[in-house]
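Asker: Single-letter residue listing:
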Amino acid sequence: MDACNLIRAPILHPAGPVALAERDLLFTAVFVMLVVVVPVFVMTFLFAWRYRASGGRGRYTPNWYYSGKVDAIIWLVPALIVVVLGYLLWTETHKLDPYRQLVSGTEPLEVEAIAQDWKWLFIYPELGVASVNELVFPSNRSLSLKITSDTVMNSFFIPALGGQIYAMAGMQTRLHLLADKPGCFRGRNMQYSGHGFPEQRFAVRALAKEEFDAWLSRARKSPEKLDMAAYRALAAPSVDHPVSYYSGVAPRLYDSIIEKYAGKHPE
Amino acid sequence: MDMRILGRLTAADALPFYSWVAVGGAVVTVLGLLTIVGAITFLRKWRYVWTEWMTSLDHKRIGIMYVMLALVMLVRGFVDAIMMRAQQAVALNSTGYLPPEHFDQIFSSHGTIMIFFMAMPFLTGLINIIVPQQIGARDVAFPFMNSVSLWLTAAGAGLVLISLVVGRFSTAGWTGYPPYSGAEYNPGVGVDYWIWAIQVSGIGTTLSGINFIVTILKRRAPGMKLMRMPLFCWTTLATSILMIFAFPALTVTTALLALDRIFDMHFFTNAGGGNLMNYINLFWIWGHPEVYILILPAFGIYSSVVSTFAAKRLFGYKSLVYATMAIALLSFTVWLHHFFTMGAGAGVNAFFGIATMVIAVPTGVKVFDWLMTLFRGRITFHPSMLWALGFIVTFVIGGMTGVLLALPPADYLMHNSTFLVAHFHNMLIPGALFGYLAGYMFWFPKAFGFTLDERWGKGAFWCWIIGFYLAFMPLYVLGFMGMARRMERYEISAWQPFLLIAALGAVVILAGITCLVIQLVVSIRKRNEKRDLTGDPWDGRTLEWLTSSPPAPYNFAVLPQVRDIDALHDMKRHGSVYVRPKQYEDILLPINTGAGVLIGGLAFVFGFSAVWHIWWVAAAALLAILATAAARSFRDKTEFCLTGSKVQEIENRHFRDLAREGVL
Amino acid sequence: MSPVGDDTALLPHDEAYDERAFGFWLYLMSDAIIFALLFATYQIMAGDIAGGPQGSDLFSLPHTFGETLLLLTSSLTFGLASLALDAGNRRRVLAWLGVTFVLGLGFLAMEIHEFHGMITRGAGPDRSGFLSAFFTLVSTHGLHVSAGLVFILVMTVQVVVKGLSRPVSSRLERLGLFWHFLDIVWIGIFSVVYLPGILR
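Residue numbers (the working numbering), protein chains in the order written: chain A, 604 to 870; chain B, 58 to 721; chain C, 2 to 201.
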């Protein structure tokens with residue numbers, strides 16, 4: 604995580620289309636709401652000044668307490684804003700559904716993420732490697748994440764690339780992300796999960812094609828294999844686990860972590 | 058199950074030697090208790106405290122005790138807050154000054170205390186003191202139950218306080234999400250303290266809700282139609298309805314978590330077919346209405362304050378009533394927005410997002426109605442009015458960030474970050490707490506017979522509002538910088554400047570709290586110059602200002618005849634205020650009883666032994682509560698008669714004061 | 002301002018009884034929410050058997066039918082007690098309260114028997130999410146019935162000691178509300194828990 608230039612305010616300076624669209628929605632909503640917020644500010648200060656008992660210039664009409672017109676405006680303006688924002692909300696929520704596949708030239712890269720106490724394990728099923736506390740993928744190729752937890756509820760978040768989603772044991776959530784350019788970002792668990800929580804972060808590297816291949820061959824050279832025994836050792840609670848790689852992964856490892864907790868009867 | 062005589066209570070587990078800060082807290086807590094007990098003993102006031110206060114069924118005294126509890130817990134909750142701010146200000150690449158796990162207890166107890174044991178008793182206390190008077194009633198419908206509610210709340214607060222001395226508090230946050238809060242990941246007593254504290258006080262709250270609904274619907278003075286009630290009564294009605302419908306959800310949620318923890322059940326565990334999502338849903342089915350339980354009474358207070366100090370009738374009374382009820386109703390339809398990131402479908406998220414934004418409409422209406430009340434008014438800047446104005450401006454910012462969080466895609470970015478923390482403090486400090494403080498300064502003379510010092514009150518306001526902006530605006534920024542909430546330490550140096558500003562804000566708020574304390578001391582010292590002899594220090598508009606300050610136990614010797622909104626203002630205009638009857642009638646009043654204190658005390662014993670698995674004591678306490686209730690039910694004659702001549706005596710005094718002040 | 006001693010204590014004004022009835026209704030609504038959420042939880046968790054037994058392995062229709070019969074009849078006998086109360090017939094009130102108590106006790110005994118059987122077969126509340134939800138929902142109702150039985154005992158004593166005075170009869174009316182409420186909840190349990198469990 605050390606070598607890369609970190610973005611100071613990743614949410615304001617997104618590095619991918621998902622985070623960008625989410626941020627833009629945020630900005631648009633703020634502007635629309637200023638229609639109400641600014642008048643409230645102005646009116647509060649203006650009225651407090653004009654109608655102050657100690658020498659305010661305003662008229663005093665103690666018996667004026669209703670006007671149909673004003674009442675209508677008071678109801679209609681906020682209602683209109685909500686209609687506008689509601690429309691925006693409906694379309695954007697569907698467009699930015701984290702379960703939705705992103706459209707990009709190539710097939711998405713599949714990664715399975717497992718939250719553990721207090722680290723993240725990433726399995727690359729197509730590539731047969733796994734990494735701890737480092738998520739690496741090619742830039743400009745969309746990333747398709749399957750997420751679960753082998754401990755308490757976590758929340759998977761890479762602020763520069765897009766919004767978060769919970770990681771829950773026995774269940775799977777999905778997230779689709781894309782990095783426009785090569786870059787180095789930060790990801791972390793956002794849901795408090797115990798005493799190693801502050802260090803439960805991971806490096807996110809979007810690499811150009813050649814660099815990604817280089818990274819892959821490095822990972823493949825790792826002497827460690829992620830079989831069940833190695834998995835159990837890894838899953839034991841640890842704080843600030845160093846970045847490490849596995850050159851092989853037991854088949855269906857990710858599925859077996861989910862099934863371990865599944866309480867449903869087969870229907 | 059644990060069958061040892063003292064359950065799992067052992068000296069090694071119980072005492073807070075894991076942290077010198079915790080030892081300090083424990084010592085302060087114990088010393089505080091000893092000081093109070095010592096002072097009462099030294100002054101030989103036990104009989105007075107017991108007969109006039111603890112056993113009192115007078116709604117005003119019960120209300121005052123609620124508010125006292127709230128103020129004590131405000132200080133305790135604030136100590137937690139400033140400790141967190143201090144920790145985060147220094148914990149860059151270091152563990153800070155708090156030992157691990159202690160920080161986590163503090164953020165859990167801060168939230169729990171501020172919501173359940175500061176805000177809830179504060180609003181319940183103000184409602185208790187004022188609402189019966191505003192509707193022209195002599196008491197609440199169920200005075201004994203009122204006392205039970207108070208002592209159950211106090212018992213819950215006691216459990217949180219004692220967790221600092223004996224054992225530890227929860228580290229699972231005020232929301233107690235499983236499976237982290239389950240026995241597998243949290244086997245200690247912390248979560249149990251949290252569960253039983255809110256379980257015990259939650260029952261008290263449900264009872265309060267029932268009490269206020271019946272009082273408002275059945276005890277109004279002649280002519281006080283619903284649509285003539287002061288807005289505070291309306292918001293109390295809405296809050297009470299929310300209390301009886303929402304609190305059962307909290308009772309169920311925490312009870313199921315307790316069953317998981319005690320009997321190894323599988324409601325929310327990872328394995329065994331548990332379903333943590335059910336907890337989160339149930340919790341917020343209570344939790345979202347709870348936000349409005351806290352805020353609506355404050356809206357009512359603002360309405361009273363704005364109208365009184367603008368010397369004008371509330372603009373759009375009906376709109377305000379409809380908006381209040383709309384908010385209450387809608388509050389049950391939005392709980393899912395607390396977890397948009399759980400992976401529900403886009404349609405579900407969008408539905409709940411829009412429902413959430415719809416609430417912004419009646420809320421916006423209220424803000425504009427208050428503004429239109431100021432319009433062409435004659436505004437006096439009493440401290441209560443300052444709280445109200447500060448609220449309006451600050452609250453819209455919180456409303457705006459709230460709408461942002463209601464947009465699911467934006468929420469994906471801001472959820473669980475300090476942005477969220479800033480948002481809900483932005484709603485609850487100006488929205489609720491400023492309102493309670495406005496009410497405290499507004500109605501203090503009604504409760505005690507003298508006014509509070511205005512200069513220190515204004516000082517408190519300015520410190521609080523400046524401190525608020527300093528403490529929470531940086532947290533909004535940190536949210537954009539990706540900082541998660543509840544971080545004990547961090548490694549990003551860019552965050553630290555903002556956290557330092559936030560810590561400075563906490564210090565300024567500390568100055569605000571100091572002002573509140575000084576204000577109280579100064580006012581008590583100068584109480585003779587500050588006497589409110591008329592019972593109506595602010596040219597009030599509603600019926601609570603018709604009674605003397607403090608009111609006679611029966612509030613109104615003659616039930617007032619109401620003909621309009623702002624009943625007292627209307628009477629003043631028609632010159633029908635302060636009219637004396639030829640003869641005063643006898644008045645029935647409830648006889649004091651210690652049964653409420655006993656039930657509260659037993660509930661505390663029950664909670665404490667349930668926490669430590671001392672089951673035989675827990676069972677005995679439960680049986681004793683049942684026996685107390687059964688014994689109480691044998692008492693048919695619960696009232697005593699204050700004869701007309703006694704009433705006349707009391708009223709004579711009041712009218713002598715009125716005459717001396719030249720009101721008559 | 003208060004104690005005067007018992008000799009000067011008075012009954013509350015008449016409207017107080019109305020207020021108590023209304024307050025009790027509100028309490029029942031609040032309690033109904035508790036049950037509604039437990040029902041919802043049960044519905045959500047009915048499939049979470051975690052490899053353990055499911056409803057059809059555990060529930061017995063005749064047994065449940067017996068429980069239902071006892072509880073419904075007890076509601077009827079409480080109704081008869083209420084009629085006797087209206088008629089001012091103290092002995093009959095006591096008699097019907099007694100019958101109601103016995104029926105309620107029988108219901109409770111059957112429920113405990115069922116629970117005991119399930120637990121000894123390894124199908125206790127800690128076996129699976131489904132069983133946690135089942136035991137919690139049904140025993141919450143059972144605890145309410147137990148509270149109702151205590152309430153009946155207390156009221157029996159009051160009728161004996163105080164007669165059918167205004168305060169006593171108003172308490173009996175609220176007890177009636179409570180008892181019938183438990184009946185309705187049981188019908189819910191029967192149709193949501195047992196019937197689908199057996200028919201599945």
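These aren't lab readings, by the way, just hints derived from the structure by calculation.
Treat the numbers as computed from the prediction; the structure is a model and nothing was measured.
Treat each hint with caution, since some may be false.
Stated by the list, open to error - Only some residues are given here: those of chain B computed to face chain C with a beta carbon under 10 Å:
#1 Phe324
#2 Leu386
#3 Leu387
#4 Leu645
What the hints assert, rightly or not - Under the rule of at most 30 Å between Cα atoms (straight-line distance), these lysine-lysine pairs were calculated in the DSS-like manner:
#5 Lys672(A) <-> Lys375(B)
#6 Lys587(B) <-> Lys515(B)
#7 Lys102(B) <-> Lys163(C)
#8 Lys812(A) <-> Lys749(A)
#9 Lys282(B) <-> Lys672(A)
#10 Lys639(B) <-> Lys282(B)
#11 Lys275(B) <-> Lys587(B)
#12 Lys784(A) <-> Lys812(A)
#13 Lys694(B) <-> Lys587(B)
#14 Lys749(A) <-> Lys828(A)
#15 Lys163(C) <-> Lys275(B)
#16 Lys629(B) <-> Lys694(B)
Every residue, glycine too, gets a C-beta built ideally from N, C-alpha and C.
Asker: Each of the hints needs a verdict: does it hold here or not?
Answerer: Hints versus structure:
no.	hint	in the structure
1	Phe324	holds, 5 Å
2	Leu386	violated, 15 Å
3	Leu387	violated, 18 Å
4	Leu645	holds, 6 Å
5	Lys672(A) <-> Lys375(B)	holds, 14 Å
6	Lys587(B) <-> Lys515(B)	holds, 17 Å
7	Lys102(B) <-> Lys163(C)	violated, 39 Å
8	Lys812(A) <-> Lys749(A)	holds, 22 Å
9	Lys282(B) <-> Lys672(A)	holds, 26 Å
10	Lys639(B) <-> Lys282(B)	holds, 27 Å
11	Lys275(B) <-> Lys587(B)	violated, 36 Å
12	Lys784(A) <-> Lys812(A)	holds, 11 Å
13	Lys694(B) <-> Lys587(B)	violated, 40 Å
14	Lys749(A) <-> Lys828(A)	holds, 21 Å
15	Lys163(C) <-> Lys275(B)	holds, 28 Å
16	Lys629(B) <-> Lys694(B)	violated, 39 Å
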